[in-house]
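*Asks:* Here's the letter readout for the chains.
2 protein chains.
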Amino acid sequence: MFSNKIVKSLEKSSWIRAMFEEGARLAKEYGAENVYDYSIGNPYLEPPKEVMEALRKYTSDEVKGVHRYMSNAGYVDVREKLAAKISEESGINISPENIIMTVGAAGALNVTLKALLNEEEEVILFSPYFVEYGTYIDNVGGKAVVIPTEKETFEPDLKILEEAINKNTKAIIINSPNNPTGVIYKEDKLKAMEEVLKRKEKELGIKIYVISDEPYSKIVYDGVKIPAVLGIFENAIVVNSYSKSLGLAGERIGYIGVSSKIEDGEILVSALAYCNRTLGFVNAPGLFQKVIGDSLDAAIDVNEYKIRRDYLYENLTRLGFEIVKPEGAFYLFPKALIEDDVAFVRAAQKYNILLVPGSGFGCPGYFRMSYCVTMEMIEKSIPAFEKLVAEFK
Amino acid sequence: MFSNKIVKSLEKSSWIRAMFEEGARLAKEYGAENVYDYSIGNPYLEPPKEVMEALRKYTSDEVKGVHRYMSNAGYVDVREKLAAKISEESGINISPENIIMTVGAAGALNVTLKALLNEEEEVILFSPYFVEYGTYIDNVGGKAVVIPTEKETFEPDLKILEEAINKNTKAIIINSPNNPTGVIYKEDKLKAMEEVLKRKEKELGIKIYVISDEPYSKIVYDGVKIPAVLGIFENAIVVNSYSKSLGLAGERIGYIGVSSKIEDGEILVSALAYCNRTLGFVNAPGLFQKVIGDSLDAAIDVNEYKIRRDYLYENLTRLGFEIVKPEGAFYLFPKALIEDDVAFVRAAQKYNILLVPGSGFGCPGYFRMSYCVTMEMIEKSIPAFEKLVAEFK
Chain A
1 MFSNKIVKSL EKSSWIRAMF EEGARLAKEY GAENVYDYSI GNPYLEPPKE VMEALRKYTS
61 DEVKGVHRYM SNAGYVDVRE KLAAKISEES GINISPENII MTVGAAGALN VTLKALLNEE
121 EEVILFSPYF VEYGTYIDNV GGKAVVIPTE KETFEPDLKI LEEAINKNTK AIIINSPNNP
181 TGVIYKEDKL KAMEEVLKRK EKELGIKIYV ISDEPYSKIV YDGVKIPAVL GIFENAIVVN
241 SYSKSLGLAG ERIGYIGVSS KIEDGEILVS ALAYCNRTLG FVNAPGLFQK VIGDSLDAAI
301 DVNEYKIRRD YLYENLTRLG FEIVKPEGAF YLFPKALIED DVAFVRAAQK YNILLVPGSG
361 FGCPGYFRMS YCVTMEMIEK SIPAFEKLVA EFK
Chain B
1 MFSNKIVKSL EKSSWIRAMF EEGARLAKEY GAENVYDYSI GNPYLEPPKE VMEALRKYTS
61 DEVKGVHRYM SNAGYVDVRE KLAAKISEES GINISPENII MTVGAAGALN VTLKALLNEE
121 EEVILFSPYF VEYGTYIDNV GGKAVVIPTE KETFEPDLKI LEEAINKNTK AIIINSPNNP
181 TGVIYKEDKL KAMEEVLKRK EKELGIKIYV ISDEPYSKIV YDGVKIPAVL GIFENAIVVN
241 SYSKSLGLAG ERIGYIGVSS KIEDGEILVS ALAYCNRTLG FVNAPGLFQK VIGDSLDAAI
301 DVNEYKIRRD YLYENLTRLG FEIVKPEGAF YLFPKALIED DVAFVRAAQK YNILLVPGSG
361 FGCPGYFRMS YCVTMEMIEK SIPAFEKLVA EFK
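Chains as they are written, first to last, in full-length UniProt numbering: chain A, 1 to 393; chain B, 1 to 393.
Just so you know, these hints were derived from the structure itself, not from any lab. Do not take every clue at face value.
[To be verified] Ranges between beta-carbon positions, derived for each pair:
| id | chain 1 | residue 1 | chain 2 | residue 2 | range |
| --- | --- | --- | --- | --- | --- |
| 1 | B | 267 | A | 146 | 36 to 42 Å |
| 2 | B | 350 | A | 57 | 38 to 44 Å |
| 3 | B | 199 | A | 119 | 35 to 41 Å |
| 4 | A | 225 | B | 267 | 45 to 51 Å |
| 5 | B | 338 | A | 11 | 52 to 58 Å |
| 6 | B | 168 | A | 22 | 38 to 44 Å |
| 7 | A | 120 | B | 325 | 49 to 55 Å |
| 8 | A | 376 | B | 28 | 56 to 62 Å |
If you're wondering where the values come from, they're calculated on a predicted model, not measured in any experiment. Just so it is clear, CB atoms sit at the ideal spot from N, CA and C, and this is done for glycine as well.
Next up, chain A with everything else stripped away, as it sits in the complex (with noise of 0.2 Å):
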């Protein structure tokens, strides 16, 4: 009757929403402060002063023409701002003109692979990977082609890269600070990594375009610094957002920033603006474009993310998971206590404890717990995580 496709998907629709329904079903049984949610990446953390006072200055009488139309690659003057800011912080030029303002992360990569893409052509994914990659990629008619990384380090495995290349790839996608397993890539896999996709394109006569998804590029621990994707990759797009960074998920805005060394780029920079608009995007939300361009030194408070991070890490490993030790992100990616992952995850639900299966990210026998939560619920749930524990021993 409807869309039989969507009909089906729905079905079979992200784990993620699906505990995040079920949170909101616990919460209302037993009361919120006693549901342990560590399924969504949804930064609780209000946005940081700079954006508040933006928010403030443009939303004052005195300021006009904020809320119209306009181009559909956004405000010019937020651009040259953002430009310059990533210039400054990868060390590579770029121009405003490569700059395009969107609907958040997701928005920009619909666009972005809606821009790249022919029918068939395809796109490798590193698992795990964030789900609704595979959905973006069948909305544009791609294929995904879904491959393992490493299981000591979730880092991508090129060998393996290597072998999935063929005449009908168009593009890969990382996302480093990684959702789910919070690690970063290390500039020397990168430029490895570079070194196959030459290697490939000039075997097979393809380009091949590297999709950088760095929404969490502002959530790194330890004083560990990203590379640059920009500075390693010729075709390399960046798309990003202030979801996490800023503590704006809700407001939609992020960008797509592409190398001024990919050949033909003013054609893929206009049909960029062309598919945000086409699309339905039409441009990314006005006075937040104004907001950013005032906040771009701002963040939050990351410190807050990092000792989360830290106990929880010591607590779960006290008590025998095995788990790669984040960087960045805020997300843990333990080894489930049995094979199957949603079974376990079901177990969790008992203890009030909601977790995400580590099969909605194409990997199963783990599982994702985000803890950009309250200290309190961490603290909280440490007795019911050993009562889960002790379940399985």
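With chain A fixed as given, assemble chain B onto it according to the hints.
*Replies:* Leaving out everything else, chain B in the frame of chain A:
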């Protein structure tokens, strides 16, 4: 190299946007005050005071949690208020569950089409029509079927509609007050249309959904009352935005309202929320959802537009243009003085008048003027129109 289809589309990209760019070029060359830009529906009026007050309320430090993720369908409290308002205005009861907050009407349309259509299913459009409808339908693999309206009124021709419906017909899009004609479809016409749809549904064993795109529903003149589509069509899906009625075009805030009479409506509503997420919108911008919830009784001053309509209609008919007098929206759709509307629009550019050819709306021989511009510009443009008319006498 990139998507072939998109790169091709770039070449014949929207006339409206092309004019927007040409306007910027002319303004640079001759000074903005000497360019008469009637090309784009970008409301120059600032949002009403209710909106500004709500913006300041929700951006104070006292209000927390506004900027986070919420349900993909939007904030429940906002949907409750909106449902009450729609029920009051239409006389038809609509529940909060049947409302999905969206990234503008463009987002709403893409989400609705994605949720409804299977490959190759058809959507009927009445020309002249907002040209992006065709692209939205193509985005989800559907097929646009464009049929003409009655030339004297620009209202749907029901005989042609009946002939166009076949077993692949899934939906029709109506848009009243209409872009580009400003015409409002009469209640009798819509009721007769529903009779046609019901007859064909029965005959062919199909369901036909009526997608009513209503962003101009608050911009109505001469005390005309807009018929409530939710009351007339069993399978009504209303999409709307606050771009025009509250001067928030750049903020991308709108909604979908699903008739409670639609069979299996709860599945459709879930499908819409799912598509809102997976097409990359995720949710409508959070702050503006809250602002809308507090501004449901507000509207920009329609009288400002009425003055412009009257002034332009009077002067242009005096100069010899044939125009169906619009009762809503902020567009005029006069007949061009020569058959070739594109040539006519090019001729107008010589006098620094920017128009959009009717061809851009699937209706050659006419042109669109958007009069959401300053009175000063309108007044100064009349001598330029006089010169243009003289050229064709």
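*Asks:* Hints first: check each against the structure and report whether it holds.
*Replies:* Now the hints, each set against the structure:
In this structure the supplied range 36 to 42 Å is violated for residue 267 of chain B paired with residue 146 of chain A, their Cβ-Cβ distance being about 29 Å. One distance hint, 38 to 44 Å for the beta-carbon pair residue 350 of chain B and residue 57 of chain A, holds here, with the actual separation near 42 Å. Taking 35 to 41 Å as the suggested C-beta distance range, the pair residue 199 of chain B and residue 119 of chain A conforms, at roughly 38 Å. Between residue 225 of chain A and residue 267 of chain B, the C-beta spacing of about 49 Å keeps the proposed range 45 to 51 Å intact.
Between residue 338 of chain B and residue 11 of chain A the Cβ separation comes to about 57 Å, which falls inside the hinted range of 52 to 58 Å. For the pair residue 168 of chain B and residue 22 of chain A, the supplied restraint of 38 to 44 Å holds, since their beta-carbon distance comes to about 39 Å. Taking 49 to 55 Å as the suggested C-beta distance range, the pair residue 120 of chain A and residue 325 of chain B conforms, at roughly 51 Å. Distance hint check for residue 376 of chain A and residue 28 of chain B: the Cβ-Cβ separation is about 58 Å, which falls inside the suggested range of 56 to 62 Å.
Of the numbered hints listed earlier, the single one contradicted by the structure is hint 1.
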